[in-house]
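**Q** Listed here are the chains, written in short residue letters.
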Amino acid sequence: MIRRIAFALLFAAGLVAGACETASAADPYAVTQVWQHNYSQNRPWHGNYYNQNYGQPTALVVPPTAHMRQTLSWGVSQNLMYPIHHQFGRSASYPGAAARGSFNHTPAWPSHTDQFGTYYVRGPW
Amino acid sequence: MKKNLANGFALLAAMTAIAAGGNRSLAQDLAPGEYIVGPERVISDSVVGGSGNVHSGQSTGGGIVNSDSYVGDMSCGEAGCAGDATSGAGGSGLRSRLSGLGGGGSRVGDVGNIERGYGQPDLFYNYYTGGMANRANAQMYLSPVPVPPNVGHTFFTYQPFYPEEMLYWHKNKFHNYYDNGRGMNRTRATYFAPPVRQAASNLYWNKLRLPR
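Protein chains in written order, with our numbering: chain A, 1 to 125; chain B, 1 to 212.
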């Protein structure tokens, strides 16, 4: 009986431990962090469109554990997945807001999710 | 480097000797406006007026305690710490004098002393997008456009309650400095979602709910 209870307790503990997923479980040395940082250096976080409400491309903060974003467009082969390279950091950056006319507006008939001017940026650790 | 260090020590020893000698000679004849802190003067935590600055050069060797020779009781900006913008101007006492003697700077192995620094982090600091390829950058709070100064700002003054901490399951530690950085307390926060409730929510939102 005691053995059965102990086994059940162990099983429950295993379930709980399996449910707790930590951020660095698969990448203990944070190698992908370095990759993402390097990739974000020469790629913009934004697309070519501004958000209609703000007049600027708008960053949507996602958890820093988020890896991928998906873009949807017309046509089956246009639904693509990209890694989210950019992450918010402490350094104040230049330039701030872009001048008027630097970005396109959302077309009257949008055909791609990037055209709405909202782009994912991972939050800081 | 080692030679530099040895030279520095030799110079320091020489300076101490000179200062001690000067102390003995100066003890007899003081210039007008100079004084040595003795029992007739009350030594307290408050800063004494700057008239005694002439003697602060001796306080390293002669053992005379002067009012502006300590740093630990005032903030870094007041004391003119290393790296502070005001210390270059040589505003007060010992530090400017020592940098004048030893040739400036508080490098290791140099004659100049390295002041004691305290952490005084910002109350709130924004986060920004980085990288070289951005045509526009976003700040995380009040993104994407900065608010004009007359509008005001948003401050989160308690770091464990920052919304970005609520985004994922993790633990974090926060260090809060007080009393001009002389005191520090530590806050340990755990951000987690209850597993059973999360599993039920996932079951509903991802499996049971009809997509419409």
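It is possible that part of the hints are untrue.
[Unchecked claim] The calculated label-pair distances, taken between Cβ atoms and stated as ranges, are: (1) A92/A / L210/B: 45 to 53 Å; (2) K173/B / H67/A: 19 to 27 Å; (3) W74/A / Y177/B: 51 to 59 Å.
[To be verified] Taking beta-carbon pairs under 7 Å as the criterion, some of the chain A residues facing chain B (in silico): (4) P44; (5) N48; (6) G96.
[Unchecked claim] Derived coverage of chain B by chain A (criterion: at least 3 residues anywhere in the stretch with Cβ under 8 Å from a Cβ of chain A; other residues may be distant): (7) 123-135; (8) 155-168.
None of these hints come from the bench; they were simulated from the model.
Since this is a predicted model, take the numbers as computed values, not measurements.
Note that the Cβ used here is the ideal one computed from N, Cα and C, for glycine as well.
**Q** Now, for every hint given, state plainly whether the structure supports it.
**A** Hints, one by one, checked against the model:
| no. | hint | result |
| --- | --- | --- |
| 1 | A92/A / L210/B: 45 to 53 Å | holds (46 Å) |
| 2 | K173/B / H67/A: 19 to 27 Å | holds (25 Å) |
| 3 | W74/A / Y177/B: 51 to 59 Å | holds (55 Å) |
| 4 | P44 | holds (5 Å) |
| 5 | N48 | violated (9 Å) |
| 6 | G96 | holds (6 Å) |
| 7 | 123-135 | holds (count 11) |
| 8 | 155-168 | holds (count 3) |
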